[in-house]
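Protein chains: 2
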Amino acid sequence: MNYGRLNADLIEELQSLLNIPVKYDEESLDRYSRDETAELKAVRPEVVTFPVSTQEVSEIMKFANRHLIPVTPRGAGTGLSGGAVPSYRGIVMSFEKMNRILEFDEANMMITVEPGVITGEIQKLADRHNLVYGGDPCSSESSSIGGNVAENAGGNKVMKYGPTGYHVYGLEVVLPSGEITYFGGKRLKDVSGLDFVHLMVGSEGTLGIVTKITLRLLPKPKYSVALLVPYPDIDTAIAAVPGLMSGSGVVPTSLEFMDGSSIRAACSFLNIEFPYADAGAHLIIEVEGNSKDSIFDDYVKLGEAAIEAGGLEAFVADNRNTRDKLWKARKSIAEALAAISPVHSMEDVSVPMANIPKLIKRSEEIAKKRGLEMIAFGHAGDGNVHVTFIKGDLPQEDWDRNLPLAEKELFDETTELGGCISGEHGIGIKRKKYLASIVDEAQLDLIRGIKKAFDRNNILNPGKIVDL
Amino acid sequence: MNYGRLNADLIEELQSLLNIPVKYDEESLDRYSRDETAELKAVRPEVVTFPVSTQEVSEIMKFANRHLIPVTPRGAGTGLSGGAVPSYRGIVMSFEKMNRILEFDEANMMITVEPGVITGEIQKLADRHNLVYGGDPCSSESSSIGGNVAENAGGNKVMKYGPTGYHVYGLEVVLPSGEITYFGGKRLKDVSGLDFVHLMVGSEGTLGIVTKITLRLLPKPKYSVALLVPYPDIDTAIAAVPGLMSGSGVVPTSLEFMDGSSIRAACSFLNIEFPYADAGAHLIIEVEGNSKDSIFDDYVKLGEAAIEAGGLEAFVADNRNTRDKLWKARKSIAEALAAISPVHSMEDVSVPMANIPKLIKRSEEIAKKRGLEMIAFGHAGDGNVHVTFIKGDLPQEDWDRNLPLAEKELFDETTELGGCISGEHGIGIKRKKYLASIVDEAQLDLIRGIKKAFDRNNILNPGKIVDL
Numbered sequence: 021m022n023y024g025r026l027n028a029d030l031i032e033e034l035q036s037l038l039n040i041p042v043k044y045d046e047e048s049l050d051r052y053s054r055d056e057t058a059e060l061k062a063v064r065p066e067v068v069t070f071p072v073s074t075q076e077v078s079e080i081m082k083f084a085n086r087h088l089i090p091v092t093p094r095g096a097g098t099g100l101s102g103g104a105v106p107s108y109r110g111i112v113m114s115f116e117k118m119n120r121i122l123e124f125d126e127a128n129m130m131i132t133v134e135p136g137v138i139t140g141e142i143q144k145l146a147d148r149h150n151l152v153y154g155g156d157p158c159s160s161e162s163s164s165i166g167g168n169v170a171e172n173a174g175g176n177k178v179m180k181y182g183p184t185g186y187h188v189y190g191l192e193v194v195l196p197s198g199e200i201t202y203f204g205g206k207r208l209k210d211v212s213g214l215d216f217v218h219l220m221v222g223s224e225g226t227l228g229i230v231t232k233i234t235l236r237l238l239p240k241p242k243y244s245v246a247l248l249v250p251y252p253d254i255d256t257a258i259a260a261v262p263g264l265m266s267g268s269g270v271v272p273t274s275l276e277f278m279d280g281s282s283i284r285a286a287c288s289f290l291n292i293e294f295p296y297a298d299a300g301a302h303l304i305i306e307v308e309g310n311s312k313d314s315i316f317d318d319y320v321k322l323g324e325a326a327i328e329a330g331g332l333e334a335f336v337a338d339n340r341n342t343r344d345k346l347w348k349a350r351k352s353i354a355e356a357l358a359a360i361s362p363v364h365s366m367e368d369v370s371v372p373m374a375n376i377p378k379l380i381k382r383s384e385e386i387a388k389k390r391g392l393e394m395i396a397f398g399h400a401g402d403g404n405v406h407v408t409f410i411k412g413d414l415p416q417e418d419w420d421r422n423l424p425l426a427e428k429e430l431f432d433e434t435t436e437l438g439g440c441i442s443g444e445h446g447i448g449i450k451r452k453k454y455l456a457s458i459v460d461e462a463q464l465d466l467i468r469g470i471k472k473a474f475d476r477n478n479i480l481n482p483g484k485i486v487d488l
Numbered sequence: 021m022n023y024g025r026l027n028a029d030l031i032e033e034l035q036s037l038l039n040i041p042v043k044y045d046e047e048s049l050d051r052y053s054r055d056e057t058a059e060l061k062a063v064r065p066e067v068v069t070f071p072v073s074t075q076e077v078s079e080i081m082k083f084a085n086r087h088l089i090p091v092t093p094r095g096a097g098t099g100l101s102g103g104a105v106p107s108y109r110g111i112v113m114s115f116e117k118m119n120r121i122l123e124f125d126e127a128n129m130m131i132t133v134e135p136g137v138i139t140g141e142i143q144k145l146a147d148r149h150n151l152v153y154g155g156d157p158c159s160s161e162s163s164s165i166g167g168n169v170a171e172n173a174g175g176n177k178v179m180k181y182g183p184t185g186y187h188v189y190g191l192e193v194v195l196p197s198g199e200i201t202y203f204g205g206k207r208l209k210d211v212s213g214l215d216f217v218h219l220m221v222g223s224e225g226t227l228g229i230v231t232k233i234t235l236r237l238l239p240k241p242k243y244s245v246a247l248l249v250p251y252p253d254i255d256t257a258i259a260a261v262p263g264l265m266s267g268s269g270v271v272p273t274s275l276e277f278m279d280g281s282s283i284r285a286a287c288s289f290l291n292i293e294f295p296y297a298d299a300g301a302h303l304i305i306e307v308e309g310n311s312k313d314s315i316f317d318d319y320v321k322l323g324e325a326a327i328e329a330g331g332l333e334a335f336v337a338d339n340r341n342t343r344d345k346l347w348k349a350r351k352s353i354a355e356a357l358a359a360i361s362p363v364h365s366m367e368d369v370s371v372p373m374a375n376i377p378k379l380i381k382r383s384e385e386i387a388k389k390r391g392l393e394m395i396a397f398g399h400a401g402d403g404n405v406h407v408t409f410i411k412g413d414l415p416q417e418d419w420d421r422n423l424p425l426a427e428k429e430l431f432d433e434t435t436e437l438g439g440c441i442s443g444e445h446g447i448g449i450k451r452k453k454y455l456a457s458i459v460d461e462a463q464l465d466l467i468r469g470i471k472k473a474f475d476r477n478n479i480l481n482p483g484k485i486v487d488l
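For the record, the sequence lines run as chains L and H. Taking our numbering, the leading residue of the first sequence gets 21, the next gets one more, and so forth. Taking our numbering, the leading residue of the second sequence gets 21, the next gets one more, and so forth.
Each hint should be verified, as a subset may be incorrect.
Remember, identical chains collapse to one label, so a pair may be satisfied in a single copy or spanning two.
Stated by the list, open to error - Below are the BS3-like pairs computed for lysine-lysine, each with C-alpha atoms no more than 27 Å apart in a straight line:
#1 Lys453 with Lys144
#2 Lys472 with Lys242
#3 Lys144 with Lys472
#4 Lys428 with Lys180
#5 Lys82 with Lys144
#6 Lys82 with Lys345
#7 Lys117 with Lys240
#8 Lys452 with Lys472
#9 Lys312 with Lys180
#10 Lys232 with Lys378
#11 Lys312 with Lys452
#12 Lys381 with Lys351
#13 Lys144 with Lys389
#14 Lys82 with Lys117
#15 Lys43 with Lys117
#16 Lys321 with Lys351
#17 Lys144 with Lys240
#18 Lys240 with Lys452
#19 Lys61 with Lys240
These aren't lab readings, by the way, just hints derived from the structure by calculation.
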């Protein structure tokens, strides 16, 4: 693409449309050229903007069309695939300043927010009203709801509540042309035209810019209990999962796993103690319910089954403090990893739940064959595994040569097991070259055709998902 | 559009691609030019085909492209908007013969079926394995799952389980070009490219032809209880609904309402007795759970609240027979109406749940102003109301003049209340002219652009949703 460049005159024109000063100092350009993806090849934007209203977002897009400038929308910058990082310089549109909760509609159990709101704020507000927001990415304390929508963030409660998209009912959207439109609304049923709401969710900010989000809330279950079950090794832990899911008649809210290395990384990072920290792997199983009796039945049944499948013990965390501690460890793994082993590649493969044991086994074989260290953790109950290859002491050139081979092999295995290459982090920049090799040409053409229908000039987040 | 016509040679060529004889006798052409939409202006196809495999579906589409023949895919023909009825003659592609259950995958709690399978069969198979398929359109005994997917059928359990799309995880699709592709799969999380699965759902067979459907099943709750609560009049019944939903902390599985006329029509049609059959309206409230204690708490709480809001009594149906009887009456209303008042227009408006009382009041005002009879029933808990205008003794010319005015007024009111013109029946032919007047031009353009990306020659179900 032959994009325009932003000279001083154009930056002045852009500034005249906006309330908050744009930034183009070196430090800002550097900061907005990264997210939390390890080792991302970064391109710096030319300018960073901070719109405060839908109208300003629209003005930026009209400006961008006039001058053919690429625009990269950005939430809190916690992405793990480079979706909010420019591929072609231009404008970064940060939603830091559009972070208001616009309406809490208790009668309809819906909340409407701006994209810059931190997801954890929505969870806490719902909780105070005895409701629950079902989305729960591990990054909930730092990621924004707009980013969650863009990547259809998953997290820890997908088995019971579904991913982000299952909670999204209405979206105000600025189209790449600058036109403002509204998809869906506060109604539970809608088949009036195409399902644009769910086409927007997970489209990584390539089709339109979400400026208001209406989410459904649900009544909060009265009781929650988490079990922590250590296992001697990861294969035993993972082999237990399909039986726990399909045999119990219970849909746990969460069923997470962490191998020994990841739990020890989290403990060292947080400087905390953890029971059986030397175990080969742990499962965390959480159940919710409105009756003490039935939740007791559920967790006893799950705990017994988990031990029968080789668990060393089943710790019951039935108070908030203990549960919070478990989850803090689980949720900090990615951050711990970044601190301890900065050169790594965190994958996000997702397979049918019954195929998780095979996926873990094959991942181990691939890592071994390619001489890479590997740790694994993730959302066992929904089949989404963060296999993570680590450089460790490997010479740089071996890492550079072997990582792409290992990734390709992992993605091929995942595909063979009925899975996909990203469950919740997205394609972005990180996985673009692999998507094109896995999805058939007809689908790539459809993605391109839809992109063209939305964004004639290819100025909105170009270079993500597929090349045009 | 300048479509080709099917002469004897072309019909022979088409037949040579297919196992089952095509039909073009008068009776068949007549039969396949209708669905269950009252008073639909029908166009006859030129030929009806009965493919038995994905390959045959693909061959028909390639044939259609070669000769520019429009193709209308069709499930069981129970649609209520004309989505499966030709607008431009050509080929009807009936899925009657692709009606196999292909795989029941208990380990992943997923089932894969052909589009012609009757939805009730899936419900029953799941039930026998102690699982539940969450989709429950009133037509479940006669509609096919392919049609449910095409219209994103809703039904009676959407508050708890979501509409059809929430259960669909994988789709084999024949694109309009004849190419065969696969969207999604048996994984709970997938953000690897655009969400084609949910773009297909509800697209009314205009973007591709679904030839295999993979659905998620869930553990079956152990207990179900239904309450039947008669009210003196419809306004009192409907005014009770928002409080029952948001005040109780319970998500009922179903919260249905029927006005007095609709329940009496059903009773007379089925020749059954019904408690308080002379009441002004009834609510049916169903709750599910795994613990006897908690379900007792739930229904007592809901029953007391329902009576406090003006209910005359709360009948408890806690055994299958009584529950089945209630549901039989509720589910037969549409059929009863067609038999008793064949000249009618059944609407499908959907609003935020708290706005249902306003919607009913305004509908009554519109009917009165336009001199039409009106009955109302539907899914109160999810905001989806089947306001139905009836001709009754009105002279034909008054009906012809006043119905479109009443519909337009109803849709404008619905839009003002934050609703949409169809919650579960679709746009099809019936509502096409209204959609274009309610949705903004930018969205109509996007629908057209997406349609073009899928179907360059506009041969797949042309004339539905919007005109190109």
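Which numbered hints fail: Numbers 1, 2, 3, 4, 5, 6, 7, 11, 13, 18, 19 - these are the hints that the structure violates, sorted from lowest upward.
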